[in-house]
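Each chain, letter by letter, is given below.
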Amino acid sequence: MSERTFAVVGTRPVRHDGVDKVTGRAAYGADANWPGMLHGVVVRSPHAHARIVSIDTSAAEAMPGVKAVLVGSELPDINATIPLGEAALDLRDMSYSMMARDKALYHGQAVAAVAATTLDIAREAAATIVVSYEKLTPVMNVDEATAPDAPILHPTMRTKGAPPDAPPSNLASRLEMKRGDVDAGFADADLVIEREFRTPTVHQGYIEPHACIARCGEDGRAVIWCATQGPFFVRDASAAIAGLDPAHVKVIPSEIGGGFGGKIVVYLEPVALLLAKKAQRPVKMVMNRDEVFRATGPTSGTKIRVKIGAKRDGTFVAAKVSFWYEAGAFKGSPVGAGAMCSIAPYKFPNFFLEAHDVVVNKPKVAAYRAPGSPMASFAVESVVDEIARELKMDAIDLRLKNANQEGDQAPYGPKFGPIGLKSVLEAAKNHPHWKAPLGPNQGRGFAIGFWFNGGMNSSATVTLGGDGSAAVQTGNPDIGGTRAAQAMMVAEELGIPVERVRPSVGDTDSAGYTDLTGGSRVCFATGMAVIRAAEDVREQLKARAAKIWNVEPSAVGWDSGNLIPPAGAKETKSGHDAKPLTVAEVAAKMAHTGGPVVGRASLYAPMAGPGFGAHICDLEVDQETGRSRVVRYTAIQDVGKAVHPSYVEGQIQGGAVQGIGWALNEEYVYNRDGAMENAGFLDYRMPVASDLPMIDTVIVEVANPLHPYGVRGVGEVPICPPLAACANAMRSATGIRFTQLPLSPPRVLEKIMAAAPVAVGA
Amino acid sequence: MAIVHLPGEQSVTIDAPRVPELFAALRQRFPDIADQLEEMAIAIDGDIYQDPGYQDLRPETEVHFVPRIAGG
Amino acid sequence: MKLHIHTTINGEPAEFLCDGHETLLSALRNTLGLTGTKEGCSTGDCGACSILLDGRLVPACLVLAPEAQGRTITTIEGIAQHDVLHPLQKTFLENAALQCGICTPGFIIAAKALLDKKPKPTEDETRFWLAGNLCRCTGYDKIIRAVMEASV
Amino acid sequence: MVSIRYEAPQSVADAVRLLSAEQGAKVFAGGTDLLVQFKMGARQPTAFVDIKRIPELVGITITDRALRLGAATSAAVIGEHDELTRLWPGLAEAVHLIGSTQIQGRGTVGGNLCNASPAADTTCALIVNRAECVIAGPKGERTVPVETFCTAPGRTVLERGELLVAITIPRPAPRTADAYLRLIPRSEMDIAVAGAGVSVTLDANGVCTAARVAIGAVAPTALLVPDAAKALIGSKLDERALNAAAAAASAAASPIDDKRGTVAYRRTVAGVLTKRAAKIAAGRIR
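Residue numbers (this note's numbering), protein chains in the order written: chain A, 1 to 762; chain B, 1 to 72; chain C, 1 to 152; chain D, 1 to 286.
Hints in this document: simulated from the structure, not taken from any laboratory. Hints are not guaranteed to be accurate.
As the list claims (entries may be wrong) - Calculated lysine-lysine pairs in the DSS-like style (CA-CA distance at most 25 Å, straight line):
id: 1; chain 1: A; residue 1: K401; chain 2: A; residue 2: K422
id: 2; chain 1: A; residue 1: K347; chain 2: A; residue 2: K311
id: 3; chain 1: D; residue 1: K52; chain 2: C; residue 2: K117
id: 4; chain 1: A; residue 1: K178; chain 2: A; residue 2: K160
id: 5; chain 1: A; residue 1: K307; chain 2: A; residue 2: K401
id: 6; chain 1: D; residue 1: K259; chain 2: C; residue 2: K2
id: 7; chain 1: A; residue 1: K392; chain 2: A; residue 2: K422
id: 8; chain 1: D; residue 1: K39; chain 2: D; residue 2: K26
id: 9; chain 1: D; residue 1: K52; chain 2: D; residue 2: K26
id: 10; chain 1: D; residue 1: K259; chain 2: A; residue 2: K751
id: 11; chain 1: A; residue 1: K401; chain 2: A; residue 2: K415
id: 12; chain 1: C; residue 1: K2; chain 2: D; residue 2: K26
id: 13; chain 1: A; residue 1: K401; chain 2: A; residue 2: K311
id: 14; chain 1: A; residue 1: K751; chain 2: A; residue 2: K307
id: 15; chain 1: C; residue 1: K2; chain 2: D; residue 2: K39
Stated by the list, open to error - Derived coverage of chain D by chain A (criterion: at least 3 residues anywhere in the stretch with Cβ under 8 Å from a Cβ of chain A; other residues may be distant):
id: 16; stretch: 56-62
id: 17; stretch: 171-178
A virtual CB, placed ideally from N, CA and C, is assigned to each residue, including glycine.
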């Protein structure tokens, strides 16, 4: 790609939605109130696995102020899927997960809902609903789920591809990927390291709980206001689950208070819609934090066995990796993506990957930032660290030796295009952090990570004002600064100041169809639509200028916001040589040259081109208590092109810190009955400001040929390396290889004491 | 026409002008895995499409099937 | 029976009706329409509902609405002076110290309480003071920079 | 739903009357525990009795003999009191560890004690400083040593109608200092997995002449550990004495396994913290 110089892209303007957000005016999911609104509350299963024998709602229905009660049997039975990545989203499963029918499959699963005139009445009514359960034994991890006589969650579910007469199983599917002869590869290796790793169930941890309001009119037309990453998805899924025609459902996305993948599927919206339909009043539903932890999110707890063989010079010759990912109560963990990402950075002539998708009695997992990849990266990068230690090689040199580059075949099949892995590794190696001295009780860890970055459907419109300003609208909720980036793209293409572009997020009736905000796709795919829509405006402006000058549109030139007349063009009135016109000057004549100027574009993008990141982590470990602290952290990433570098840095910093939380302290703690014991921010320990140093970032830009500016996705890669970067730092500080997360103080101290028993207090 | 890499390690050359004709040909030659292939994303010369379209195929076009991926 | 509460919010006298067990957060958001104060957990663990009560930083989710009787309350809606943003609001914007923005009002209120008490805090003091404000998007880096820049 | 009453008595007598008259009336101070428990359905009071408008429950007075802390004084106010922080740095640091800055603006030292969590940060620091609880009730006022105030998780010696009014602490003897440490996985915002408070008095030669050690989060209530104090007294707080105190603290611990830590972990760490807190306390004597 020829080097393009940018006027706006790469600068750091104040985001357009910023003032509303620092003054409290921005309206999020729970911030809307509609006239006549009722409050909806959900009744949830107190058991992780139980047959629902009966539900008695009579007392609730008789209570003054109660306007509607809903149980699962009232929901239509559906059999459809919405394509959305791995395993697609099975609407039947989603409907059942959102509201149990004959069986409760996780603690906290919804079994009924109430709408009443006040929240207090709704809560009180919910408490009177009597659900009779027959308790069943819960299965809480992949080992329990795949044991020979394990209790079965779904009596009709067989392992995908199994014959129809096969017994039901909690193993939903098994996928293999291979290349070469893995056994011969290991036989040829000078060093083989094999380890088994475990990661806990963790939550996305967005600060805004799920919230929505729905109304359904006398004509059957419905409106939903909600915090979501995908308003079109909410429309289609809610309509299907509630049994409405999607043509009659409009979804207005509110500002969204974080998602990280967790605000894609629907939990409340169809329930609110059905309650609203029954009551003929708007119904507002807002989860509390306890419900968010118990019944939304999380991502898979995993078991991963890694075996890697290498030659004495560090050349990797074989990898065998087995993955078992918990899907939660319904099939569809991100295990396939995990398998594909696990060894994507490396050239392995021989490998064998097997990926198991296993159902357990936990909430159905939702996407979480690079779904499936962080755990896989943790396992593989820990073993790679071991190999570097055994071979006494520099951890970066070993990776450079085996790194994939353009033209190499990715483990999942196709050849890589231009990728930034080697550039990222070189940047890490040259970073002062890599060679900086460590203090006492400190260790340094290094790890890399990979994500595909998404593409798919996007639309955008750019509307020119008569004053030469522009409005840009897309259907992607802005979760981290995409409106600012889109405004910058329009400003870049039209040569107008970014402050004169007004970006907005449309609802499902006004914006062109756009896939969800997620998969690191918005800046890439929707951004591409925005650029093309702005180009469309530019072409129309040329035609208008051509009309003014009475020349062919193709003869009109363009130079940074100016329309350039061809040589010899004259002004009609004066007959003088025509002068260049600004966008504003042509816009002012819209009415005389053909009416308003609206540019539009829609497209289907392939995936955005792989992104790689490398993280360096320094941990300081208290050897007497096992407590650790991140003292220095550097994240290096190839982003293709940083449109707004501040928000790119922010994505990298935020992803790194989520990964640090996953590594050090976050986990779902379950009791024997399968109930989560730490469903709150007090005991689900996400990193707080005082836990962290500044997170240094290095942006590497290896242009992505699929995008006009070279953009790749940014948001997902940075959560992949930290798990192993922390564990490798812990290995460096303590001499102990930790194969299970989190690296919480009790776990760390236990291993330290086992390695070197010390008398209490000594 | 395209060089098609099937899951596992088998590669075949299929005479098809576009992706839909490719799928039709694959269904005929590999009926057992046709359903599985239709559930996958398709990589055409390295560019991965979550949903197969009507792309043209050239004799040297390389096609891979890749499990679909969800994003966060 | 509802209680009738007279209070001062963002410099203006205000009155509202509430139940004895209603939180001040609920009264602000639902009765008074001041939705800039956010609810992230309702157990005092996230800081999204930070307000100043008689100048003291508190979580509005753990204050009962009737406690506001005769008190002075400052919320995010009262931080800017007419059409001039507070220095913290400016530095948050200039430093890209927000992504989704849901935690932002709480951070700005908490940071204001810090700077009111200690005009030039160190990075460590800033981080510990703000430890009760959770942000899941930014990793805190740019937030801490914004607060320290506003303190200069 | 019947609304829960909100009462804001202006005097101790009025508060006692309200609490005596109604079983479901609960003392409401900072609300940082009670409101959370109420929202989670763990407590269903019929009335919140807000004690923060009673003058003698709020405020700090230090005389040449003792400190008096109004039970409803917030952690933030205590933390801002320079003389208190100078005289009882360990108590100040324990108070400073209660929750976030926001929680400190609400949470009170009396509430921290009355909530009777074995992990309460202030309890150990109060115990080593020989604090006493001043209790008002229908039968008048009584005083109990702080180490006997909590009887089990969530339980105290308070009887129906009774109210913790103040906490008093005698002025420290010359060459005496305290310290409190706790272990939490993060740097802030967590409940103590283990805690230890130590107060030591050193003579001019650096020999420990008096000591008190208390450990938290490792038993149903915070524990005074006389054996740990004995290990320190008579020593110059050398490594051997410190290790013996740590061992005594670990031995006294009878923790449980829960979501926050294991038995073995808590036991070990109680000793480690005891040793470290003793060193810090001694280092404060100049």
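Evaluated hints:
Restraint check: the Cα-Cα separation between A/K401 and A/K422 comes to about 9 Å, which is no more than 25 Å; the hinted pair holds. At roughly 13 Å between alpha-carbon atoms, A/K347 and A/K311 fall within 25 Å of each other, so this suggested pair holds. Between D/K52 and C/K117 the alpha-carbon distance is near 23 Å, which keeps this suggested pair within the 25 Å criterion. Of the supplied pair hints, the one linking A/K178 and A/K160 holds, its CA atoms being roughly 19 Å apart against a limit of 25 Å.
A threshold of 25 Å between alpha carbons decides the hint, and for A/K307 with A/K401 the separation of about 19 Å falls inside it, so the pair holds. This hinted pair does not check out: D/K259 and C/K2 have alpha carbons roughly 40 Å apart, beyond 25 Å. Restraint check: the Cα-Cα separation between A/K392 and A/K422 comes to about 21 Å, which is no more than 25 Å; the hinted pair holds. For the given pair, D/K39 sits about 14 Å from D/K26 by alpha-carbon distance, which is consistent with the 25 Å threshold.
Our distance criterion of 25 Å between C-alpha atoms is met by D/K52 and D/K26, whose separation comes to about 13 Å. Pair hint D/K259 plus A/K751 holds up; C-alpha atoms about 19 Å apart against a cutoff of 25 Å. Proximity of A/K401 to A/K415 is assessed by CA-CA distance (about 18 Å); at most 25 Å being required, the pair is judged to hold. As the CA atoms of C/K2 and D/K26 are separated by approximately 20 Å, the hinted pair is consistent with the 25 Å bound.
Proximity of A/K401 to A/K311 is assessed by CA-CA distance (about 12 Å); at most 25 Å being required, the pair is judged to hold. For the given pair, A/K751 sits about 23 Å from A/K307 by alpha-carbon distance, which is consistent with the 25 Å threshold. The suggested pairing of C/K2 with D/K39 holds, with an alpha-carbon distance near 19 Å, which does not exceed 25 Å. Under a criterion of three residues with beta carbons nearer than 8 Å to beta carbons of chain A, the stated coverage of the stretch 56-62 of chain D fails, only 0 such residues being counted.
Coverage of the stretch 171-178 of chain D by chain A is violated in this model, with 0 residues showing a Cβ closer than 8 Å to a Cβ of that chain against a need of three.
In this structure, the earlier hints numbered 6, 16, 17 are contradicted, and the remaining ones agree with it.
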